[in-house]
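Heads up: the sequence lines are chains A and B, in that order. Residue numbering for the first sequence follows the numbering used here, beginning at 1 and increasing consecutively. Residue numbering for the second sequence follows the numbering used here, beginning at 1 and increasing consecutively.
Some hints could be false.
Beyond 12 angstroms from chain A on every Cβ pair, some chain B residues (computed) [what the hints assert, rightly or not]:
| id | residue |
| --- | --- |
| 1 | 20 |
| 2 | 48 |
| 3 | 84 |
With a cut-off of at most 30 angstroms between alpha-carbon atoms, the simulated DSBU-like pairs for lysine-lysine come out as follows [as the list claims (entries may be wrong)]:
| id | chain 1 | residue 1 | chain 2 | residue 2 |
| --- | --- | --- | --- | --- |
| 4 | B | 13 | A | 42 |
| 5 | A | 104 | B | 13 |
| 6 | A | 57 | A | 22 |
| 7 | A | 37 | A | 58 |
| 8 | A | 99 | A | 71 |
| 9 | A | 68 | A | 22 |
Rather than coming from a laboratory, the hints here were simulated on the basis of the structure. Where a beta carbon is used, it is the ideal one built from N, C-alpha and C, also for glycine.
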Amino acid sequence: GENVEQHPSTLSVQEGDSAVIKCTYSDSASNYFPWYKQELGKRPQLIIDIRSNVGEKKDQRIAVTLNKTAKHFSLHITETQPEDSAVYFCAASQNRDDKIIFGKGTRLHILP
Amino acid sequence: DAGVTQSPTHLIKTRGQQVTLRCSPKSGHDTVSWYQQALGQGPQFIFQYYEEEERQRGNFPDRFSGHQFPNYSSELNVNALLLGDSALYLCASSLGSGEAGELFFGEGSRLTVL
Numbered sequence: 001g002e003n004v005e006q007h008p009s010t011l012s013v014q015e016g017d018s019a020v021i022k023c024t025y026s027d028s029a030s031n032y033f034p035w036y037k038q039e040l041g042k043r044p045q046l047i048i049d050i051r052s053n054v055g056e057k058k059d060q061r062i063a064v065t066l067n068k069t070a071k072h073f074s075l076h077i078t079e080t081q082p083e084d085s086a087v088y089f090c091a092a093s094q095n096r097d098d099k100i101i102f103g104k105g106t107r108l109h110i111l112p
Numbered sequence: 001d002a003g004v005t006q007s008p009t010h011l012i013k014t015r016g017q018q019v020t021l022r023c024s025p026k027s028g029h030d031t032v033s034w035y036q037q038a039l040g041q042g043p044q045f046i047f048q049y050y051e052e053e054e055r056q057r058g059n060f061p062d063r064f065s066g067h068q069f070p071n072y073s074s075e076l077n078v079n080a081l082l083l084g085d086s087a088l089y090l091c092a093s094s095l096g097s098g099e100a101g102e103l104f105f106g107e108g109s110r111l112t113v114l
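For reference, chain A alone in the conformation it holds in the complex (with noise of 0.2 angstroms):
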């Protein structure tokens, strides 16, 4: 079945500077990759996904890029500020049968 790793587990950066998040996934049939958020103690939350006929999606200071044939999707924020601080999760799924499976998360230190 489909395996996503992700990382790094931890990352701080500081206020205003950018944040960068990778992830690998296993199965080549997947092609369906969401990211999303989770602050403390709150439901997680869909922030943005891309489908694996695009390489590359933004919206304002979030933007996810695709590398299919390494397998390879990544989560780019710009211009961080401290809202952005909260555990993110990438994910995978095909669509055939709409199961999506979790990296671990990253927890996502914005520094004053």
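Model the placement of chain B on the given structure of chain A, informed by the hints.
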């Protein structure tokens, strides 16, 4: 529009007992997925229900079972509880259109097994 609701929010059980967790999906959604999230870990897929049947299952033992009702709400049952079953159990709903899409999560049920 109510989002995904789960009950109970917290519960404490002892080893060997059984527990039932409940989930009502977001209005308009017909698919319910259950995840187990241990402290400091990512959500682990337990199973997914669509049209009242288990459509997909993760690597969880048969002690974990579920049900989906005609109104799309769902239950997760865990028998013979172990200490290692202590976790946050998240329910997520989505549209079972055949194409993977956004999961809407509930706040979770935090289970402590003593």
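Do the hints match the structure? See the list:
1. 20: holds, 21 angstroms
2. 48: Residue 48(B) is in fact no farther than 12 angstroms from some Cβ atom of chain A, at 6 angstroms.
3. 84: holds, 17 angstroms
4. 13(B) - 42(A): holds, 23 angstroms
5. 104(A) - 13(B): Within the cut-off at roughly 26 angstroms; holds.
6. 57(A) - 22(A): Since the Cα atoms of residue 57(A) and residue 22(A) sit roughly 15 angstroms apart, the hinted pair holds (cutoff 30 angstroms).
7. 37(A) - 58(A): holds, 16 angstroms
8. 99(A) - 71(A): holds, 18 angstroms
9. 68(A) - 22(A): Holds - the C-alpha atoms of residue 22(A) and residue 68(A) are around 14 angstroms apart, at most 30 angstroms.
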